[in-house]
Amino acid sequence: MERPGVVTLDRLRGSSAIVQPARVVLALDSPNRSDPNLRRLSQVKNNLAKYPNPIGLEITDTGIFFKAAPEPPSLKKEIDRAQDFLIELLEKGPVSSTQVLKATKSAGFSKKTSDRAKKQLGVISKRKNDQWYWSLPERSQQ
1103 MERPGVVTLD RLRGSSAIVQ PARVVLALDS PNRSDPNLRR LSQVKNNLAK YPNPIGLEIT
1163 DTGIFFKAAP EPPSLKKEID RAQDFLIELL EKGPVSSTQV LKATKSAGFS KKTSDRAKKQ
1223 LGVISKRKND QWYWSLPERS QQ
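Mapping the sequence shown onto our numbering, position 3 (from 1) lands on 1105, and the numbers just tick up by one.
Hints listed in this document are in silico derivations from the structure and should not be mistaken for laboratory results.
Possibly wrong hints are sitting among the right ones.
[To be verified] Simulated pairs of lysine-lysine, DSS-like, Cα-Cα distance not exceeding 27 Å:
(1) 1214 with 1178
(2) 1213 with 1178
(3) 1178 with 1220
(4) 1221 with 1207
(5) 1230 with 1220
(6) 1207 with 1220
(7) 1228 with 1194
(8) 1214 with 1228
(9) 1220 with 1204
(10) 1207 with 1228
(11) 1214 with 1204
(12) 1194 with 1152
(13) 1221 with 1204
(14) 1179 with 1221
(15) 1179 with 1152
(16) 1194 with 1169
(17) 1204 with 1230
(18) 1169 with 1204
(19) 1152 with 1178
(20) 1230 with 1178
(21) 1179 with 1220
(22) 1214 with 1194
(23) 1228 with 1213
(24) 1213 with 1230
(25) 1194 with 1221
(26) 1152 with 1169
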């Protein structure tokens, strides 16, 4: 099973025969794109002892500086991105369902994902002049 932002043996390039005889395999990656100099050193294979926590380090011209291991940036799920898209699209008022579905499709969302995002947000559908319109539910002012 693939875990986003986590280096595994499956992500190593080349033949798996390279790492099979090794007892311990280390991986060095840059999980945070906003700071490419900050690296994470972690074990991806260890059959001698318990896996240790990853180590953070920064490689500079003056040497290696050890820091806390960086966490990979959280990856938004497709449904979360669809919800954000719908909120932005509907924040100014009702939009015809035809326009909404065209916009979500051109943004790369399937109809099923758009419908799930609509349901989770509580988007309201109302028929007006033989046309359906989507709008955001009224939010209480706090």
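Quiz item: So which hints don't hold here, by number, going up?
Solution: Per hint list: 12, 15, 16, 18, 19, 20 violated.
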